[in-house]
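A.B. asks: I would like the entire structure built from these sequences, with the hints used as guidance.
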Amino acid sequence: MTEGFASIGKNRGVLTVPNPPTIRAWATVVGKKEHDGPLGGDFDLHAEDDRFGMDTWEKAESEMQRLALGLLLKKSGCREEDIGAVFAGDLLNQCTGSSFGLLDYGIPYFGLYGACSTMAEGMMLSSLLVGGGYFSQAAAVCSSHFCSAERQFRTPIEYGGQRTPTAQWTVTGSGAVLLSADGCGPYITEVLPGISVQKGITDANNMGAAMAPAAIDTLARYFASSGAQPDDFDAILTGDLGQVGHDITADMLYAMGYDIRRVYNDCGLMIYSSQSQDVHAGGSGCGCSASVICGHVLKKFACGDYKNILFVGTGALMSTTSVQQGLPIAGIAHLVRISAEKPAGTIGG
Amino acid sequence: MNLDAKTYQNYVKAYAKKSPSPKNCIAAFLVGGSICLLAEGFYRLYLHLGLAEASVRILTPVTIIVLTAIATGFGVFDCLAKFAGAGTLVPISGFANAVTSPAIDNKAEGLVMGVGAKMFIIAGPVIVYGTLASVIWGVIYYFLHGRGIV
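Going down the list, the protein sequences come from chains S and F. For the first sequence, the positions run 322 to 670 when the numbering used here is used. For the second sequence, the positions run 172 to 321 when the numbering used here is used.
The set of hints was computed from the structure by calculation and includes no laboratory data. It cannot be assumed that every hint is accurate.
[Unchecked claim] Cut-off 20 angstroms, straight-line C-alpha distance, at most; resulting in silico cross-link-like pairs (SDA-like, lysine to any residue):
| id | chain 1 | residue 1 | chain 2 | residue 2 |
| --- | --- | --- | --- | --- |
| 1 | S | K396 | S | D425 |
| 2 | F | K188 | S | P486 |
| 3 | F | K184 | S | N526 |
| 4 | F | K188 | S | D425 |
| 5 | F | K189 | S | P486 |
| 6 | F | K188 | S | D524 |
| 7 | F | K189 | S | H601 |
| 8 | F | K289 | S | T476 |
| 9 | F | K253 | S | Q596 |
| 10 | F | K184 | S | T523 |
| 11 | F | K189 | S | R484 |
| 12 | F | K278 | S | D371 |
| 13 | F | K253 | S | H601 |
| 14 | F | K184 | S | D572 |
| 15 | F | K253 | S | C468 |
| 16 | F | K289 | S | T642 |
| 17 | F | K278 | S | N414 |
| 18 | F | K188 | S | N414 |
| 19 | S | K628 | S | D425 |
| 20 | F | K184 | S | P486 |
| 21 | F | K188 | S | A525 |
| 22 | F | K189 | S | S595 |
C.D. replies: Here it is in structure tokens:
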């Protein structure tokens with residue numbers, strides 16, 4: 322089963338973050354459906370009509386990012402000039418959700434596109450730059466909006482059609498974290514950049530299956546290179562493979578000798594109720610893992626329920642053009658380890 | 172066990188739930204049939220009101236188109252279509268929704284490049300290939316008719 326995946330060669334194993342930065346603050350902004358879901362109480366702000374007072378869905382998405390970063394500054398007590406850089410991304414063409422949303426802030430801006438893995442990518446890059454001493458503080462922000470994503474990737478919002486059981490529902494939400502060189506945790510202690518993996522899936526309505534091989538590749542490389550065991554963690558969270566990708570990942574890793582099932586969950590399965598919210602295979606979009614991590618998971622760290630987790634952000638790398646041209650969908654999975662305590666022997670620990 | 176793309180695609184099939192076809196067929200039959208029954212009702216009503224049959228044949232689908240456009244505008248058509256599937260897609264309601272929904276959706280990009288250019292983004296192929304098919308059939312009919320076959 323392991324054949325066909327990248328080997329754990331030189332420069333392909335886990336990266337230990339020097340001087341592990343603290344996740345100093347976090348903020349979330351979500352839509353009504355997400356607020357009505359099982360994690361609804363964990364989110365900071367929500368809108369009743371998903372328009373966030375704007376006249377287009379794209380502006381609504383930008384407004385979510387603006388609100389999320391504004392709230393992050395307020396919660397952390399920081400000013401704009403205290404933040405060295407912001408790493409931000411979304412699903413819209415040319416990342417306009419982020420570039421317009423963060424226009425009001427005078428913070429150096431890096432636009433990222435990692436599809437639904439963007440939150441993990443942003444957290445990884447900002448942790449390395451803060452840990453490496455280049456910034457004293459950096460932020461990661463991302464968002465997705467159901468309506469702007471539907472318009473861009475699928476059909477008009479009022480178009481009448483049936484979704485397949487494997488389809489996922491794009492989360493309307495934005496999450497933001499602030500990483501700081503000083504603080505008392507939770508810390509980002511290890512990261513593992515993902516490698517694009519493509520296994521011939523061409524169905525844009527089954528992105529869980531397209532992304533699962535990337536999640537398996539990253540997790541297998543992590544366990545093999547770090548020596549850690551699945552049971553060392555309070556939770557291993559992928560985001561967002563949905564039901565199909567979740568089941569494939571758990572089963573294939575088990576076949577490879579890594580039984581993650583006891584601690585494994587997927588952000589796409591956590592954010593909505595599969596019984597009452599009719600989201601088929603679960604949630605998706607950059608805002609899915611961003612809001613689950615920045616809302617639910619970091620709160621669990623704050624109250625001591627979690628001490629050690631792996632967050633594996635998963636993204637489907639495709640466009641409407643690539644899908645229409647019949648190109649297969651590649652997946653990417655970036656791993657971030659969040660720990661309540663710094664590992665023994667860490668520089669600056 | 173080798174995980175080449177082909178093996179993985181077969182492996183994935185076991186995990187992907189299938190659409191509930193029998194339930195979808197029944198829903199499509201009931202809703203699609205009801206739309207046709209409604210159209211038949213309008214057809215008889217217009218005839219009863221004394222309109223010429225040639226006008227009624229046009230007026231009936233136009234009524235369904237207008238009703239679909241209004242339902243799409245109020246955001247209820249997609250809820251019905253989600254349940255009905257082919258039941259709302261196959262009658263002319265499906266075509267009307269396919270034109271109305273992108274028109275609403277692309278309003279923000281302006282009347283020319285938004286509404287005007289994008290209105291037929293879904294229904295366009297139906298018009299193109301529908302017209303092409305009718306031209307081809309017209310040519311066949313011309314020759315068959317010329318030889319007294321039809």
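A.B. asks: Hint by hint, say whether it matches the structure.
C.D. replies: Right, here's what the structure says about each hint:
1. S/K396 - S/D425: 18 angstroms, holds
2. F/K188 - S/P486: 6 angstroms, holds
3. F/K184 - S/N526: 13 angstroms, holds
4. F/K188 - S/D425: 45 angstroms, violated
5. F/K189 - S/P486: Given pair F/K189, S/P486 holds - Cα atoms ~7 angstroms apart, limit 20 angstroms.
6. F/K188 - S/D524: Cα-Cα ~14 angstroms, so holds.
7. F/K189 - S/H601: Given pair F/K189, S/H601 holds - Cα atoms ~11 angstroms apart, limit 20 angstroms.
8. F/K289 - S/T476: 12 angstroms, holds
9. F/K253 - S/Q596: Satisfied, since the Cα-Cα distance of roughly 17 angstroms is no more than 20 angstroms.
10. F/K184 - S/T523: 13 angstroms, holds
11. F/K189 - S/R484: 11 angstroms, holds
12. F/K278 - S/D371: 18 angstroms, holds
13. F/K253 - S/H601: Holds - the C-alpha atoms of S/H601 and F/K253 are around 12 angstroms apart, at most 20 angstroms.
14. F/K184 - S/D572: 14 angstroms, holds
15. F/K253 - S/C468: Measuring from Cα to Cα gives roughly 17 angstroms; hence the hint holds.
16. F/K289 - S/T642: 16 angstroms, holds
17. F/K278 - S/N414: Since the Cα atoms of F/K278 and S/N414 sit roughly 18 angstroms apart, the hinted pair holds (cutoff 20 angstroms).
18. F/K188 - S/N414: 31 angstroms, violated
19. S/K628 - S/D425: 36 angstroms, violated
20. F/K184 - S/P486: 12 angstroms, holds
21. F/K188 - S/A525: The hint holds at about 15 angstroms.
22. F/K189 - S/S595: 17 angstroms, holds
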